[in-house]
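Enquirer: These are the residues of each chain, in order.
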Amino acid sequence: MARIGVFVCWCGSNIAKTVDVEQVAAEAGTIPGVVHSADYKYMCSQPGQAMLREAIAEHRLDRVVVAACSPRLHEATFRNCIAAAGLNPFMAEIANIREHCSWVHGDRAVATPKALDLTRMAVARSRRNEALVQTEIPLTKRALVVGGGIAGIQAALDIAEAGYQVTLVERTPSIGGRMAQYDKTFPTLDCAACILTPKMVECASNPNIRIVTHAEVESVSGFVGNFEVTVRRRARSVDLEKCTGCGICYEKCPVKVPSEFDGGLGMRKAIYVPFPQAVPNVPVIDREHCTYYLRGKCRLCEKFCTIGAVRFDETDEVFTEKFGAIVTATGFDVWDQSAAGEYGAGQYPDVISGLQFERLANASGPTAGKILRPSDHTEPKTVVFVACVGSRDPAHGHPYCSKVCCMYTAKHALLLKEKVPDAKAYIFYMDIRANGKGYEEFVQRVVERYDATYVRGRVSRIYSLDGHLVVQGADTLLGKQVEVHADMVVLATAMEPRADAKDVARRLGLSTDQDNWFTEAHPKLRPVEVLTAGIYLAGACHYPKDIPDTVAQASGAAAKVVDLFAKPHLLSEPMIAFVDDATCAACLLCKEVCPFTAIEAAEITDMATRKPRTVARVNSGLCHGCGTCVAACRSASILLRGFSDDQILLQIESLAQAHGL
Amino acid sequence: MADTRLTVQQTAKERVAAQTAWEPLIVAFLCNWCSYAGADLAGSSRMSYPPNVRVVRVPCSGRVNPLFIMSCFKKGFDGVLVAGCHPGDCHYVKGNYYARRRMPLAQELLEYMGVEPGRIRFDWVSAAESGRFAQVVQSLTEQVRALGPFAVNKVHI
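The listed protein sequences derive, respectively, from chains Z and A. Quick note on numbering: this note's numbering labels position 626 of the first sequence as 626, and the sequence is numbered without any gaps. Here this note's numbering runs 661 ahead of the position in the second sequence, where the first position is 1.
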């Protein structure tokens, strides 16, 4: 027989004012199994807790019900309290008679019986409380960072600085990501490379960081602290160890291909280093364009490489490693502006994207930093910038604001004026969203000191006329149609999730929102976590972000990883599902409905027949304890500890009894 | 083990006689993360709603086995509320979607057995929607009051 103690809290007058706590305590004392009941002004206070602990010893209580405030507030307090008195912490049960009773009802005659009902229900439930044990789960203190842009770099550096091993996996041949493509950064006009490349070099030289470039994560299994990750490192065809980065190979390579890094405005070779400051500074052979791979001859690079670093026979390498935590920093894509046909993108070479403008303005870009029209390499004197191209535009699939375009467009107008002093910038915009430190001031400076003309309105059409681009649009402030004859047009195209975001999400066990951005665990309070424990988000794979926000989130994600690794081991979540093998028929409906892929089929030897049989098995590391499987189980073979069918039905029954039903 | 079998139970009740004093008694299954927290917030915001609801906390609306609802009516409660996170907000990603599919089925099955659909409410209440929680309780209580006491002996549970 259970020996239950009931403790009714006054909460000062918060409960006692509308609930006759003494009566509740007295009546609770008559419930079968309740061997002690008491009331006290503040149960959560030190004397209140001391009273509880003493009562446990004095009355040899084996379970405790505290009728007080919401369990969301003090469940943990009372669990710790009874643990200190030698009981299993999960033997504490809370009846919420404050938030759900005294605070919402003014009438004592109504609130008191309701409080007693709630207490009875908690007592009934507590009869089936089990002593739950949190088991220790081993923890691999090594982190995987997926994506080597500024988010991944920052997260890797922070984790490595804390003393833990990090593997940084990057898809392209070099780390650096989008930020490496930028010229200057708003609003301070720091050169992007000047602030990024030291961090890239730091990554390469930090003994705790292992950089794996030209590689992708193929699959992730396991759970927090114990992920098994398979990575495919694509053949680079150049020996990473041997190569000195002298560059003779790409000097001699005869094949020219539009450079992805320069947004197609410049050319690269078939053997190439994506950009001069690449880390690692080792070329890669693009097998789709290399003459040797296409036609079986050439090998000029190999011939000229004095140290024999070119390896045409290299194959992909696939390796599997254990990691304790994963930071996802896979970044974003830029919307292909040629889909916006009305702007002539893809049709007229002088209609370019913001990212292409970055490359034009950059000293290591295709024009060595001169602003020149792609069509005839002349300096444009009138440039139209169009903001919100694809963003805030449900028709083009991006209902959201891309957040950075207002700022980089202002920056582009400034760079244009600095590089071509007699040029004139027109900016068509919907709203100017300059909400960051120093951002509004920056935009004002561009308007006032750099003579940028902001036109509030949309551009309806861009067409070519006598070597000019005619930009037709509306000025909604003047209420007039406007037309600008421009030499060049720069479109601030939307940021969008990586084309394979869904696939990556599936591999990493993330969820995506309606636009395919990765979903955080809570939009306000858990912005760097995802619902799968041990996986974190950093940067623009989550939602459009500028560099400061990206770096902040990356450091946040790193802090979460370090927080996880600082523990000696993990404790399992005790309130999870458990399958009764004896009655499980292995229909595996539970597996179908589990949101966390925590249920798998397992082979057991049947106790009665001694023959092998399949049953469902819950992975305690993955189960979050939602109970969806329990409600789906047709043979009631799954038990959710802490929220069993028994407990819930007993609550219902006790309430019915109290009302004579 | 509590009595979980759905057998034909003919417990005649005296409550109808005491119609004047009758107040509906409603069991509410609230998910821990949204609706239970929304009910908590209704308390901390000192809102006021009818005292007819008794809350059973569940981790997720997806935890609510239709059996619980049937069990409530079998015992003779007058109404049942199941509330969970809004679509897309489930703490467990998609438990509430399962609830959204199960509850109308349970409701239809119970209607077939003779339980008026108006006695069952499935709704979304977020952790911030204290007012919505109070309003759901208010309207369900009125609705169930209008339906009158639930006579378990008249239905085929």
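Hints listed in this document are in silico derivations from the structure and should not be mistaken for laboratory results. Heads up, some of the hints might be wrong.
[Stated by the list, open to error] Per label pair, the in silico range of CB-to-CB distance:
| id | chain 1 | residue 1 | chain 2 | residue 2 | range |
| --- | --- | --- | --- | --- | --- |
| 1 | A | Pro748 | Z | Glu260 | 31 to 41 Å |
| 2 | Z | Lys524 | A | Gln799 | 25 to 35 Å |
| 3 | A | Gln799 | Z | Asp500 | 45 to 55 Å |
| 4 | Z | Arg461 | A | Gln799 | 21 to 31 Å |
[Claimed, not checked] With a cut-off of at most 30 Å between alpha-carbon atoms, the simulated DSSO-like pairs for lysine-lysine come out as follows:
| id | chain 1 | residue 1 | chain 2 | residue 2 |
| --- | --- | --- | --- | --- |
| 5 | Z | Lys370 | Z | Lys322 |
| 6 | Z | Lys303 | Z | Lys256 |
| 7 | Z | Lys322 | A | Lys755 |
| 8 | Z | Lys370 | Z | Lys419 |
| 9 | Z | Lys297 | Z | Lys252 |
| 10 | Z | Lys381 | Z | Lys419 |
| 11 | Z | Lys256 | Z | Lys437 |
| 12 | Z | Lys199 | Z | Lys322 |
| 13 | A | Lys815 | Z | Lys591 |
| 14 | Z | Lys437 | Z | Lys297 |
| 15 | Z | Lys524 | A | Lys755 |
| 16 | A | Lys755 | Z | Lys502 |
[Claimed, not checked] Here are some of the chain Z residues that sit facing chain A, going by a computed Cβ distance under 7 Å:
| id | residue |
| --- | --- |
| 17 | Leu189 |
| 18 | Asp190 |
| 19 | Pro276 |
| 20 | Gln651 |
Predicted, not measured: the structure shown is a model, and the values here were computed from it. Glycine is no exception: its CB is placed at the ideal position from the N, C-alpha and C atoms.
Enquirer: Each hint should be assessed against the structure and marked as holding or not.
Expert: Outcome of the hint check:
Checked against the hint of 31 to 41 Å, the pair proline 748 of chain A and glutamate 260 of chain Z passes, with Cβ atoms roughly 39 Å apart. Between lysine 524 of chain Z and glutamine 799 of chain A, the C-beta spacing of about 28 Å keeps the proposed range 25 to 35 Å intact. Distance hint check: the CB atoms of glutamine 799 of chain A and aspartate 500 of chain Z are about 49 Å apart, consistent with the given range 45 to 55 Å. Under the hint 21 to 31 Å, the C-beta atoms of arginine 461 of chain Z and glutamine 799 of chain A, about 55 Å apart, miss the expected range.
At roughly 48 Å between alpha-carbon atoms, lysine 370 of chain Z and lysine 322 of chain Z are farther apart than 30 Å, so this suggested pair is violated. At roughly 18 Å between alpha-carbon atoms, lysine 303 of chain Z and lysine 256 of chain Z fall within 30 Å of each other, so this suggested pair holds. About 28 Å separates the Cα atoms of lysine 322 of chain Z and lysine 755 of chain A, which keeps this hinted pair within 30 Å; it holds. Of the pairs offered as hints, the one joining lysine 370 of chain Z and lysine 419 of chain Z holds, with about 7 Å between alpha carbons and a cut-off of 30 Å not exceeded.
For the given pair, lysine 297 of chain Z sits about 14 Å from lysine 252 of chain Z by alpha-carbon distance, which is consistent with the 30 Å threshold. About 11 Å separates the Cα atoms of lysine 381 of chain Z and lysine 419 of chain Z, which keeps this hinted pair within 30 Å; it holds. This hinted pair does not check out: lysine 256 of chain Z and lysine 437 of chain Z have alpha carbons roughly 43 Å apart, beyond 30 Å. Note on lysine 199 of chain Z and lysine 322 of chain Z: the hinted pairing holds, with a Cα-Cα distance of about 26 Å set against a maximum of 30 Å.
A threshold of 30 Å between alpha carbons decides the hint, and for lysine 815 of chain A with lysine 591 of chain Z the separation of about 39 Å lies outside it, so the pair is violated. Simply put, lysine 437 of chain Z and lysine 297 of chain Z have alpha-carbon atoms about 56 Å apart, too far for the 30 Å limit, and the pair is violated. Distance restraint check for lysine 524 of chain Z and lysine 755 of chain A: the Cα-Cα separation of roughly 19 Å lies within the 30 Å cut-off, and the hinted pair is therefore satisfied. Distance restraint check for lysine 755 of chain A and lysine 502 of chain Z: the Cα-Cα separation of roughly 17 Å lies within the 30 Å cut-off, and the hinted pair is therefore satisfied.
With a least beta-carbon distance of about 40 Å to chain A, the hint placing leucine 189 of chain Z at the interface is violated under the 7 Å criterion. Hint status for aspartate 190 of chain Z: violated, given a least beta-carbon distance of 39 Å to chain A, over 7 Å. For the restraint placing proline 276 of chain Z at the interface with chain A, the shortest Cβ-Cβ distance is roughly 44 Å, beyond the 7 Å limit, so the hint is violated. Hint status for glutamine 651 of chain Z: holds, given a least beta-carbon distance of 5 Å to chain A, under 7 Å.
Of the numbered hints listed earlier, those contradicted by the structure are 4, 5, 11, 13, 14, 17, 18 and 19.
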